[in-house]
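Engineer: The primary structure of each chain is shown beneath.
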Amino acid sequence: MSNLKNEYNEMQASDELRERVGKIMAEKRKRRISPIKAVLGAAACFAVATVAVFNLSPGLAAAASDIPVIGDIVRVITFGRYEYSEGYYEANIITPKVEGLGNRELEDSINAMLKADAEKIIERFETDIAEFRRENGDAEIHWGVDSDYEIRTDNESIIVLDVRFTTTAATSTTVHKFYNIDKKNGELITLPSLFRDGADYITPISEYISAEMARQNETGDRMYWSEGDGVDYFTEIDANQKFYINSDGNIVIGFEKYEVAPGAAGNPEFEIPAHIVEGIRK
Amino acid sequence: MNAAAKEKLFEIYITENLDSAYRFAYTYMKNRHDAEDVVSESVVRALDAISTLRNPQYIKVWFYRIIANTALTALKKQSRYVSVDFTENAVEAEPGQDDYSDLYLNDILQELPEKYRAPVIMKICEGMTLAEIAKVLGINENTAKTRLYTAFGILRKKKEELV
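Residue numbers (this note's numbering), protein chains in the order written: chain A, 2 to 283; chain B, 345 to 507.
Read the hints as simulated data drawn from the structure, not as lab findings. None of the hints are false.
If we take Cβ atoms under 8 Å as the criterion, some of the chain A residues that face chain B in the derived model are: (1) S3; (2) L5; (3) E8; (4) L18; (5) R21; (6) M26.
All residues carry an ideal CB built from backbone N, CA and C; glycine is no exception.
Looking at chain A on its own, in the form it has when it is part of the complex (with noise of 0.2 Å):
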């Protein structure tokens, strides 16, 4: 072997470097996740999170259970629509609101919480096209913002209500926000509230997510950050992880673009079969 071809293959990467390209990886991903995301501020489990805990107080407790169930008349409605079109730019916003649940508090927080994540989304979307027109003129790029929902699940129980938040700048973005309501006992559904007092859920959901990711990278159905990527891979899921429930009552639970895997996997979702849970769950 040549003088030149060893001294060349001796020259490392400095393990600064390698710590410098692994966190623009990472930093990458979580921009792209933004700017719904910054916009909304906290990840969507956390908003939930805080409903649930406002409705965890005594009087309010006491309220709800005052009142007979009236789970039949819950439903959701389109109550906002801002629509923006010019040019390039187009917004399309359209919030729902919630009527008829027996707590009257958490409908009211519900509702202001649909509300505020919408006017946000609509400040946030007139501030950037402002500037937007200012450095590029009439530039030939779309931007777009939408927000609409979905009843996921709607059965005697419970009422699933999704929100997702779409920006479209060259490539689209979507945040979810699951709303998970009892219609029974008028409650916001968090995560833990679904399993016995201290049973651990964290770690049966998260094996099965993890098998899951590993049995999909295999057969390539789709692709997940795994250990050796040099990205921050799925190793278990939050106390409060964004989930809903589906029809068949299965908690699926739900990850932001970018979090567990590339941008093409979009917004990854996995359906917990219920032996999974079996025998902790309420």
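Fit chain B to the supplied structure of chain A, relying on the hints for placement.
Structural biologist: Just chain B, lined up with the frame of chain A:
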């Protein structure tokens, strides 16, 4: 291959081949600090342009091309970049069997202008084909061949002067 797979492929590729990416950037920049900047910048650019990676088989050529372009931009920015064309008075020499056995890295870095360094490194140290070298540099194969031969001509002349 979809975009998700490409992104993942690139992340795996760069993690496994960071040393060679760094070496290649060093070929241009000739110091650790600048070479590290070029690698970092190239990773950012590569992630932005992942859709331009059409054939995953050519990920190395694709990424080396990004490094080469990033390095040239950096050199220009530093205004240290002086493009000197040696083709007129340099003698072309075909790389023979033993032609580069007495070459040292320093010869390449000190004696050759940037334009000729990368092709020699890719040929001798990376064992890349002429077609691959041409792709990385965005030139045609004949030009790549000429640059390579010119580089060997310059190096041979230096050796003769020393003897």
